[in-house]
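Peer 1: Whenever a hint applies, use it, and build me the whole structure from the sequences.
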Amino acid sequence: MSKSAEDELPVLDAQGKSKRKSKTKAILTDATKCIGCERCVQGCVEQNDLPQDFPAHFKSNDGLSGARYTSIVEVPGKDPGTSRFVRRQCMHCADPTCVAACLVGALTKSADGPVTYDADKCIGCRYCMLACPFSIPRYEYEKALPYIRKCKMDETCRVAGGAPACTSSCPTGATVFGLREDLITEARRRIDERPELYVDHIWGEHEFGGTSVIYISDSSLGDVLKIPTDKEFAKRAVASLTHESIPHLVHNWVMVTPFQFAGGLAILGTIAFAKRRQRVMAETASGKDEEDES
Amino acid sequence: MNEFVLKRLKDLMWILFLAALVVGGSRFVYGLGATTNMMDALPWGWWKVFNMIAGAALATSGFVIAAVIYIFDLRQFRSVARLSVLVGFLGYGASLIALAFDVGLPHRGWHPFFMWNPHSFLFEVFWCVSLYWGVTALELLPILSERFPFPKLTHVLHEIMMPFVVLGVTLSTMHHSSLGALFLASPTRLHPLWHSMWIPPEFFISAMGAGLATMVLLILIISWLFNKEFERVVLTRLAAGSAIFLSLYLVIKVVDLTVHNKWNYVFGADKSWESQVFLVEIALQAILPILIFSIPVLRRSKPCLFIGSLAAFLGLVMHRLDVGIVGYFRTAERVYIPNAGEFILSFGLLAGAGLLFFFLIEKFPVLSGIGFGCPEEDGHDSHQQPKVSIWTLQEALALLKGPGTERVLVIALLVIPLANIGLKGQGTSAFQPILSPVYASIQSGDTMRENLRIDANRNGDYVDFGHKKHQEVFQEKYRLGEKETCVKCHHLTLPKDNNTVCRSCHSDMQVPMPMFHADRHEERFKDDDQRASFASFDLDRRKQNFEACMMCHEETMIGLAAYAPKGFDQMAPGFTQAMHGNCMTCHRLEEKDPTDPFSTGNCLGCHRPQPKPAIAAELQPKEPFLVPTKPIRGPVIIPAEKVDPIL
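Residue numbers (this note's numbering), protein chains in the order written: chain A, 1 to 294; chain B, 1 to 647.
Hints listed in this document are in silico derivations from the structure and should not be mistaken for laboratory results.
Heads up, the beta-carbon is just placed ideally off N, CA and C, and yes, glycines get one too.
Just to be clear, a hint being listed does not mean it is correct.
Claimed, not checked - Label-pair ranges, simulated between beta-carbon atoms:
| id | chain 1 | residue 1 | chain 2 | residue 2 | range |
| --- | --- | --- | --- | --- | --- |
| 1 | A | 156 | B | 261 | 42 to 48 Å |
| 2 | A | 279 | B | 244 | 21 to 27 Å |
| 3 | B | 359 | A | 266 | 37 to 43 Å |
| 4 | B | 151 | A | 279 | 20 to 26 Å |
| 5 | B | 283 | A | 83 | 44 to 50 Å |
| 6 | A | 195 | B | 475 | 55 to 61 Å |
| 7 | A | 275 | B | 303 | 33 to 39 Å |
| 8 | A | 271 | B | 156 | 52 to 58 Å |
| 9 | B | 291 | A | 271 | 42 to 48 Å |
| 10 | A | 277 | B | 76 | 16 to 22 Å |
| 11 | B | 118 | A | 279 | 34 to 40 Å |
Peer 2: Listed below in structure tokens is the structure:
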């Protein structure tokens with residue numbers, strides 16, 4: 001099944017790997033091809049040996065949880081009465097907010113795409129969950145000593161063919177794995193080929209600085225993927241997020257910190273020293289009257 | 001009167017503190033999910049936002065007053081210097097301890113010291129807060145050294161204090177702005193009213209204003225509790241200082257809303273319930289205190305000062321809660337309300353800090369400028385040390401012997417119901433599934449289970465299964481001679497069970513699960529004589545051992561014979577496969593027209609999209625968790641009120 005999916009991407013398998021600039025791997029999900037069978041979920045569960053999932057008040061409605069790294073969300077389709085299925089997973093951003101947010105550096109962005117999690121470093125503060133614009137990282141609330149859980153997309157979840165278990169178990173080729181550049185080209189090709197079907201937008205191409213998981217569809221996926229439109233970005237006064245990442249947006253504030261420390265020490269130290277000197281001089285001049293008063 | 005209030009206040013604090021220890025302990029046994037209402041969609045709860053972020057802001061007085069006295073050399077505030085540093089130390093201490101319960105792996109609290117990520121604002125907050133806490137502890141050392149006769153140490157400490165004050169003030173300015181910068185990371189998730197690129201200075205300035213107001217509030221309360229008069233001029237000056245910072249905050253906020261074109265969220269087209277919250281917050285946090293603090297007549301009257309500082313205090317807590325929790329509700333599509341246990345731990349830790357605070361101001365020269373606790377300065381009050389204290393072992397023993405026994409007993413007894421409230425309904429068991437995957441809608445009056453709904457992943461898109469229709473069809477077939485009827489679906493019925501739930505074997509959506517549980521058999525026949533007839537239930541569960549099962553189950557377990565050729569070493573398939581198998585086995589054979597929209601070849605034939613309940617359903621309280629009395633088979637299914645699960 002997965003073979004047929006890859007056959008559709010002649011650019012992917014064939015020659016020319018040496019010419020490529022970026023080796024960033026990515027996943028392209030085409031919502032028009034997804035039938036919602038959840039084979040990807042099953043493949044992920046089997047490959048990662050995930051535990052049993054059960055509903056609880058702390059789990060979200062989108063199906064992702066500490067025991068599920070990917071899920072299928074049903075959204076209303078273009079025509080009334082129809083529906084589309086959208087696979088949710090970690091977006092593996094080019095410049096991830098979670099990586100910038102983690103105070104111990106437990107989350108890292110690897111060169112070939114995946115955002116990986118080092119459970120040995122994590123202290124469980126859940127700042128990555130708050131910082132992620134897509135609300136992806138999940139927590140093992142049911143455990144006394146919980147860890148963060150999210151889609152890995154690294155070597156551990158790749159099956160024999162080199163693709164992750166989720167994409168290789170997709171029966172319709174709705175979700176495929178490959179080099180990001182190729183997949184963007186492929187997505188663009190599909191949109192250009194059938195402009196009457198697809199919305200002319202690749203979700204994840206530029207938003208938040210670009211992601212390694214990209215989506216195309218015949219209806220807007222912004223709500224389910226939590227990717228606002230350009231207008232919504234502008235309305236929230238963060239218009240630059242249509243093409244740049246959140247860490248880039250707040251970079252200036254990070255840069256302020258060392259100057260704040262050095263400047264604070266210098267200014268306050270000078271004032272304190274000057275005032276003290278002034279007081280000592282005043283005291284020596286007017287005797288010891290002031291000491292009794294204070 | 002006041003002594004009575006102080007006594008009862010301390011009793012209440014002890015009760016809260018001891019109950020907090022119980023609730024806090026339960027968090028480490030049962031996990032955050034069982035003891036709190038935090039969730040994936042809103043990961044930062046009450047402990048982090050109220051105790052840490054708001055708590056740090058309210059304890060700001062420590063650094064502001066230290067800066068004013070030691071750096072800017074304004075000596076008239078000296079009378080409250082130690083009080084403010086003590087508030088800083090205890091406030092930060094209580095916050096950090098609350099954080100230890102909130103963070104998932106608190107035994108790794110040392111990690112950020114060695115594993116660096118300088119890009120993270122939380123990293124900066126962690127370093128600054130922990131360093132600043134150390135500095136406040138150092139600033140408090142003179143109190144100890146004056147109480148116990150170490151004149152030399154006192155002198156040395158006074159000499160070297162200046163650099164540490166400078167360091168402490170610098171660290172404070174840094175981490176207060178960084179606490180705000182934490183929320184810069186959520187430009188698309190936090191509500192635009194509270195998210196702004198200017199959060200860091202907003203947090204810093206509002207924290208200073210509210211910190212001074214908190215100081216005023218605290219001095220007013222202490223002077224009332226201990227019947228002491230504070231210098232009125234110190235209070236009014238603190239209030240004036242607070243008004244300056246709060247006005248600055250108000251100006252920044254107004255400019256921020258104007259520059260970023262966000263007034264439409266307050267009054268314009270995008271008005272929502274958040275706008276009301278925001279207006280109340282701004283009124284409490286800035287407008288009311290500024291009005292009271294900046295009008296000299298009002299500033300000099302104690303009740304007005306009390307109202308103003310209380311408003312600033314509550315307004316700041318509200319602002320931090322809005323930024324950290326409430327502002328995320330809309331995009332998370334969930335509402336977070338802390339449960340009783342979270343409140344008890346949170347306030348209990350603050351009560352513990354409060355007890356330590358009372359202990360220190362009663363026994364140590366904290367308020368030396370005003371007098372009490374410092375015998376050489378107030379001659380007539382020194383022998384009137386409050387008699388209500390049970391600080392040392394001797395005092396506790398004396399209370400036990402004397403008339404104080406009942407007080408200790410009352411405290412101990414009152415902790416029990418409070419701790420029980422904190423643990424009620426949760427914290428006493430690990431998680432259990434909430435709802436049966438197959439249920440009949442009682443709401444629509446279906447008490448006879450005529451129509452069943454199958455919805456294992458609980459997304460509301462159930463599959464309608466005509467139970468009665470199938471019964472009728474099979475009754476007809478039975479008359480025609482077919483023997484297997486109900487058994488076709490209810491293929492396994494455990495002993496003493498009418499019809500065993502699918503979920504006891506097919507217990508996961510996708511993953512095959514083992515269907516024979518040796519340990520449960522062991523548990524069941526722990527004290528049974530029959531147990532001798534089979535050596536152990538830990539049998540090799542293969543075909544040849546099937547006879548051993550049949551010894552007991554031959555008559556009681558309908559449909560068991562179907563498993564004879566397979567044995568019990570197999571895994572039961574996931575719920576999805578089981579349910580599809582159940583329907584497809586018959587319907588595929590009978591299917592005549594695969595193009596029929598309601599054929600089994602068409603997903604939408606069964607999986608018809610159902611009208612989704614609005615967000616309102618999310619606002620409802622979560623279902624109570626049931627504690628299994630004796631798990632004999634499968635996970636215990638908890639019946640929700642509206643549905644009648646099939647057991």
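Peer 1: Evaluate each hint against the coordinates.
Peer 2: Going down the list of hints, with the structure as the test:
no., hint, verdict
1, A:156 <-> B:261: 42 to 48 Å, "holds, 47 Å"
2, A:279 <-> B:244: 21 to 27 Å, "holds, 24 Å"
3, B:359 <-> A:266: 37 to 43 Å, "holds, 39 Å"
4, B:151 <-> A:279: 20 to 26 Å, "holds, 22 Å"
5, B:283 <-> A:83: 44 to 50 Å, "holds, 45 Å"
6, A:195 <-> B:475: 55 to 61 Å, "holds, 56 Å"
7, A:275 <-> B:303: 33 to 39 Å, "holds, 36 Å"
8, A:271 <-> B:156: 52 to 58 Å, "violated, 24 Å"
9, B:291 <-> A:271: 42 to 48 Å, "violated, 32 Å"
10, A:277 <-> B:76: 16 to 22 Å, "holds, 20 Å"
11, B:118 <-> A:279: 34 to 40 Å, "holds, 38 Å"
The structure is inconsistent with the numbered hints 8 and 9, although it conforms to all the rest.
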